[in-house]
Each structure stands twice: as structure tokens, then as C-alpha cells.
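A.B. asks: Each chain, written out:
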Amino acid sequence: MAGLFSLLPLLGAAFSRHRARLFFTVASIVVAFMLFGLLGAVRFALTGGVEVVGQDRIITTGKVSIIERLPRSYLTQVRQLSEVRQASSLCWFGGIYQDPRKQLVVFAIDPNYFSMYPQLKVSQAGLSDWQGDRAAAVVGQALATQYGWKVGDLIPLKSNIYRRKDQAVAWPIKVAAIYSADDQPANTIFIHYDYFNESLASGRDQIGWVVSQLKHPGQAAQVSSAIDALFANSRQETKTSTEKAVAQSFANQIGNIGAILTFIVTAVFFAMLLVTANTMAQSVRERTPELAVLKTLGFNDGAVMLLILSESLVITLLGAVVGLGVAWLITSALEPSLHAVLPFFRIPPSTALQGLVVAAGLGLAAGLVPGWLAMRLKIVSALRAV
Amino acid sequence: MSEPLVQVRGVRKEYRRGTEVVPVLDGLDLDIQAGDYLALMGPSGSGKSTLLNLLGGLDQPTSGTIRVGGTSIEGLSSNELASWRASHVGFIFQMYNLLPVLTARQNVELPLLLTPQSKAERTHRADAALALVGLSDRANHKPAELSGGQEQRVGIARAIVTDPELLLCDEPTGDLDRKSGDQILDLFDALNREAGKTIVMVTHDPRAAARARRILYLDKGVLVREEA
Ligand SMILES: Nc1ncnc2c1ncn2[C@@H]1O[C@H](COP(=O)(O)OP(=O)(O)OP(=O)(O)O)[C@@H](O)[C@H]1O
Ligand SMILES: [Mg+2]
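Those protein sequence lines, which keep their order, are chains A and B.
Going by our numbering, the first sequence opens with residue 1, and the numbers climb by one from there.
Going by our numbering, the second sequence opens with residue 1, and the numbers climb by one from there.
Check the hints yourself; a few may be wrong.
[What the hints assert, rightly or not] Lysine-lysine pairs mimicking DSSO-like chemistry, simulated, CA-CA at most 30 Å apart: (1) B:K220 - A:K378; (2) A:K63 - A:K215; (3) A:K150 - A:K174; (4) A:K121 - A:K215; (5) B:K142 - A:K378; (6) A:K239 - A:K63.
[Said to hold, decoys possible] Taking beta-carbon pairs under 10 Å as the criterion, some of the chain A residues facing chain B (in silico): (7) L10; (8) G12; (9) A13; (10) F107; (11) K158; (12) I161; (13) A303; (14) V380.
Keep in mind that the hints were calculated from the coordinates and are not lab data.
Glycine is no exception: its CB is placed at the ideal position from the N, C-alpha and C atoms.
Hey, can you work out the whole structure from these sequences and the hints?
C.D. replies: What follows is the structure, encoded as C-alpha cells:
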């Protein structure tokens with residue numbers, strides 16, 4: 001019988017009839033899929049990176065909250081555990097550069113930190129330069145691009161938390177290396193803990209938390225309890241969990257946002273379904289005489305249904321492709337300026353694919369009832385109605 | 001004599017309006033030989049269009065049998081009827097019923113979309129049909145850019161492009177002035193005499209009916225008179 005291909009001239013004919021209505025219908029679908037694409041990008045930005053955390057790293061923080069400080073000696077004690085391959089402390093610096101309203105992500109770390117994170121890519125030479133220079137920093141590619149920093153530049157970094165004992169306002173920091181990361185934000189500045197610690201007016205020898213790399217990832221639970229036991233009943237009790245668990249609890253909060261986004265998108269798609277179905281029903285009603293003529297000429301029920309369904313599909317798929325395209329343009333345009341905050345602000349291919357599948361489903365759903373009406377149309381009565 | 005192309009036996013057709021049953025055709029018998037040219041006349045509401053639609057398989061009789069070219073069409077499913085219509089009958093309507101967004105050529109090409117012909121073949125045949133009705137120079141015009149007579153000629157080209165043996169015409173000149181109507185009737189003459197098409201034409205116009213080989217009068221669903 002009539003293949004889809006032979007219906008193409010009729011499709012074109014159907015679309016050239018009511019250009020304005022077609023335009024508005026497709027436009028509403030475009031908006032729906034643009035929203036779908038943008039929300040997909042937001043979700044990806046919020047959850048991106050969760051997958052990349054290591055199984056073999058555990059984090060020891062204050063028991064009550066991550067903002068409690070721990071004594072520096074905790075690092076030494078953790079390092080002495082036989083199951084721990086290596087460990088580094090991290091200390092939130094509260095970095096400010098030029099604009100006091102913009103907080104930079106700056107951590108004071110120990111020299112071995114990078115060997116625990118192979119996904120942070122630093123050249124060997126750059127790493128040695130940094131390790132050999134107490135006042136040096138390793139700077140994220142995204143930040144370097146944003147501020148135009150190059151290796152060798154001197155950056156005056158201020159802190160909104162710490163004061164220097166020499167009363168100077170800033171910590172002069174030399175860019176020794178620039179790191180990149182394929183799968184997570186390269187928007188951090190890493191400085192030496194010793195350099196930072198020595199300069200402090202008060203609160204010296206304290207750290208934020210300890211990251212430990214284990215010899216055997218399987219021992220994470222056991223080592224975690226061992227560490228917490230070490231500091232139990234001290235003034236600063238600790239809570240140790242895998243990096244994955246920490247990331248997961250963050251992701252769970254994001255998950256709620258994800259559910260809200262999904263709800264919004266579903267509502268928008270439902271509205272879109274009604275708009276498309278209405279357009280198709282109107283189109284079938286107006287073309288009753290024409291559909292009767294087609295049937296008279298020998299187009300059977302299946303061909304008529306196919307015609308209406310493909311019309312509906314073309315509308316929704318066109319809308320989806322354009323909508324996702326617009327969303328892609330928007331994310332591409334915004335990505336550079338958002339890079340430091342939302343480094344994953346882009347539409348993942350899986351979301352685009354999902355969008356096309358949804359579009360096809362909605363197209364079929366919207367065309368089904370009108371198609372059925374067209375199929376059931378009685379030629380004789382329809383012709384009399386001319 | 002061989003079997004007639006069309007054989008109608010005891011055909012009844014009733015329509016239902018709510019609970020009321022309206023009889024339209026009442027036990028009708030009719031034979032039409034291949035190559036005949038028949039005019040169907042009668043007062044409005046006498047059932048002429050209804051009979052024509054039954055002959056063309058657009059509707060099913062309430063009872064009775066209709067054989068066309070050896071096929072009992074009253075037993076066919078709607079999809080079987082559709083493909084039967086596509087290859088055996090051409091319809092010509094009073095209001096032409098062209099698709100307004102398609103050009104003359106595309107309208108004529110429509111029935112060929114149901115055949116396995118290539119695009120080039122379809123265009124070739126559509127152009128040949130348009131040439132036959134004298135509209136080669138209007139192939140790319142939309143119906144709105146054609147006169148009524150030209151539109152009806154496109155309608156005829158569409159009806160004959162698949163080369164069916166039976167042409168069914170419901171008041172084909174009813175909406176046309178005399179000159180255009182005569183051109184249409186000339187075409188029917190040619191199609192009947194030269195191409196051997198069997199034609200059944202419903203008409204209110206005695207002048208048009210006079211061009212046919214036979215004239216049948218229908219009244220209240222019964223054939224009342226026949227003239228040769
Ligand atoms: N689908 C239908 N439902 C109900 N009644 C119908 C239907 N089709 C036709 N009729 C009735 O059947 C009768 C015959 O109609 P038909 O169209 O065959 O007449 P006609 O002879 O072609 O008339 P006209 O010359 O006005 O075209 C009319 O009374 C009409 O109202
Ligand atoms: Mg009639």
C-alpha cells in the first residue's frame with residue numbers, strides 16, 4: 001500500500017495550508033523543548049562530576065559540620081595508619097581577587113595532594129615548580145582563562161576569613177602551573193598549606209578536613225570507623241565517609257531539584273500535547289472534504305492514519321530539533337561566562353536523544369485521535385458536506 | 001452477449017435518521033454494458049447520487065448485489081474497496097473536488113501515489129492526462145488560478161490517469177456555463193468513443209443527457225423509464 005514516502009507530497013500540501021497556525025504550533029513546541037534542553041543542562045551542571053569521585057578516597061571532617069576546624073595533628077595521625085597510602089589536609093581560604101563580592105574557590109593543601117587526584121591534570125614540570133616554591137599556586141584552567149592569568153603571574157589574593165600577622169592585606173601568590181580536568185570544574189586555586197599557615201595572625205595549625213587515599217578501596221568503611229575512633233572523646237570528634245558518599249548526599253539534594261524540573265517539563269509537554277492535538281484535530285476537520293476525496297481515490301484507512309500521524313510527527317520533531325537547537329545555542333553562549341560556577345552547563349547527548357524520543361511519542365499521541373477520526377470518516381457523508 | 005460490466009440486482013439502500021428509516025433505493029436492477037454511456041436523470045432526492053456512489057464502491061447497499069467487472073463489490077471490506085476503487089473507477093464531481101494547495105499536475109498525480117510508479121513515471125502520466133484534456137499549459141497552476149471548466153478538466157484528467165474502465169460523474173456540468181459544459185461533454189464523447197470508457201453520468205440537463213447513448217430516469221428510488 002501507500003508507503004510513507006508516497007505521502008510526502010500530501011504532507012507538504014497539508015503544511016502549506018495554514019502557515020500561521022503551523023508556525024504558532026511549532027513555536028510552542030520549540031519553547032517546550034528549549035525549556036527541556038535548558039533544564040537538562042542545569043541538571044547536568046548540578047550533578048556533573050558526581051560520577052567521577054574516587055572509591056579509594058575518604059574524607060574526615062568535623063563530626064558536626066564540615067566548617068568545624070580540626071587540629072593539624074589529625075593529619076599526622078591519619079597518615080600513620082597502615083591502611084592509608086597518603087593523606088592531605090584541605091583548608092578553605094575564602095579567596096577574593098579584585099571584586100570582594102566574588103568569592104573564589106581557594107584551598108590550602110599539602111604538596112602530595114595532586115598525586116591523589118589523577119583526574120587533575122598538571123604538567124610534571126609545573127607540579128615540581130609549585131612544590132619547590134612555597135608562595136606558588138596551581139590555578140584552574142577556567143579561572144586562568146577568565147582572568148587572563150599565565151604561568152609566572154603574581155596574584156594578590158585576599159581572604160575574607162583570615163588575617164596576616166604582618167598586617168598586609170593580601171597574600172602574593174605566583175602562578176606556577178595551570179591544571180585542567182576533563183570531567184569536573186577547573187575553577188580552583190591550590191596554595192601551600194605551610195605558606196598560608198605561617199602567615200596567619202591567629203588560628204594557626206588548624207585545617208578544614210583530611211582527604212586520605214587508601215591502599216585498598218574495599219577497606220573504606222573499616223578505616224573510616226578506625227579514624228573516627230581515633231578522635232572519639234577528644235575535643236574535636238570527626239566524621240569520616242567516602243568521597244562518593246559525600247558527593248551522593250549532595251546529589252540527593254540535587255535529586256529533589258531534579259524531580260521539580262521533571263515535573264515542570266512534564267506539565268509543559270502535556271500542554272504541548274494538547275496544543276498539537278488541537279491543531280491536528282482542526283486540520284482534520286477543515287480537510288474533511290479533501291480526506292474524503294483521497295479516500296475516494298483509493299487511499300485506505302491505514303494510509304489516511306499514516307498521513308495524519310506523519311503530519312503530527314513532523315510538527316513535533318521539527319519543534320524538538322529547533323527547540324533543542326536554540327537551547328544548545330543558549331548554553332553555548334552562556335557557558336564561558338558561567339564556567340567558573342556551572343562548568344557543566346551544556347546539554348548532554350543523552351538529554352537531546354531523550355528529547356527526540358519524547359517528541360516522537362508526543363507526535364504519535366497527538367495524531368492518534370485526529371487520525372482515528374480521519375480513518376472513520378464516511379466518504380459519502382463527507383462528500384455531501386462539501 | 002458477454003457479462004455486462006455493471007450488474008445491479010435487487011439493490012436496496014436505506015438511511016437511518018435517528019429512529020426513522022429513510023428508503024432511498026428500492027430493489028433496483030440495472031445492467032450496464034462495457035463501452036456504454038449512460039445518463040441518469042430524475043428529480044432531486046430521487047437517489048441518483050446514492051446509486052452512483054454504490055456503483056463506485058463509496059458506500060454499501062443495505063441489500064442486493066452489485067457486480068462490477070466480475071467483482072461483487074458489496075462484499076468487500078473498506079480497505080479492499082479502497083484498492084478496488086483505485087484501479088477500477090474514476091470519479092468526477094460537480095464541485096471538481098481538487099486539492100486547493102496542489103497544482104493541477106499534483107492533483108492529477110494523486111491517484112498514482114498509490115501505485116508503485118516512480119516519480120518520473122507519475123509525472124509523465126499526469127502530463128499525458130493533462131494533455132488529453134487540453135491543459136498542458138496549466139500544469140503548474142493551482143485550482144484557484146483556473147476557471148471552472150478548466151478545474152473540471154483537471155478533475156477528468158485525475159479520473160482517467162489510472163486508466164479505469166468505469167467513469168462515474170455526478171452532475172459534472174452542473175456548475176458550468178454552456179460553453180465550458182459543452183467542452184466537458186465533448187471530452188466524455190471522446191473518452192467513450194475513442195478510449196472505450198464506460199461512463200455513467202448523473203445530470204439534470206437534458207442537453208447533456210442527450211449526448212449519452214442511454215438515458216435512465218429514476219424516481220423515488222425506482223427506475224421508471226429508459227430511453228435509448
Ligand atoms: N448520508 C445520508 N444520510 C441520510 N439521508 C441521506 C444520506 N444521503 C442521502 N440521503 C437522502 O437520500 C435521498 C437521495 O439522495 P441523493 O443524494 O441520492 O439524491 P439525488 O437524486 O442525487 O438528488 P440531487 O439531484 O439533489 O443531487 C435524499 O432524500 C437524501 O436526503
Ligand atoms: Mg445528487
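A.B. asks: All hints are to be evaluated individually against the structure, with a verdict given for each.
C.D. replies: Status of the hints after comparison with the structure:
no.: 1; hint: B:K220 - A:K378; verdict: holds, 24 Å
no.: 2; hint: A:K63 - A:K215; verdict: holds, 24 Å
no.: 3; hint: A:K150 - A:K174; verdict: holds, 10 Å
no.: 4; hint: A:K121 - A:K215; verdict: holds, 22 Å
no.: 5; hint: B:K142 - A:K378; verdict: holds, 27 Å
no.: 6; hint: A:K239 - A:K63; verdict: holds, 5 Å
no.: 7; hint: L10; verdict: holds, 8 Å
no.: 8; hint: G12; verdict: holds, 8 Å
no.: 9; hint: A13; verdict: holds, 4 Å
no.: 10; hint: F107; verdict: violated, 66 Å
no.: 11; hint: K158; verdict: violated, 70 Å
no.: 12; hint: I161; verdict: violated, 71 Å
no.: 13; hint: A303; verdict: holds, 8 Å
no.: 14; hint: V380; verdict: holds, 5 Å
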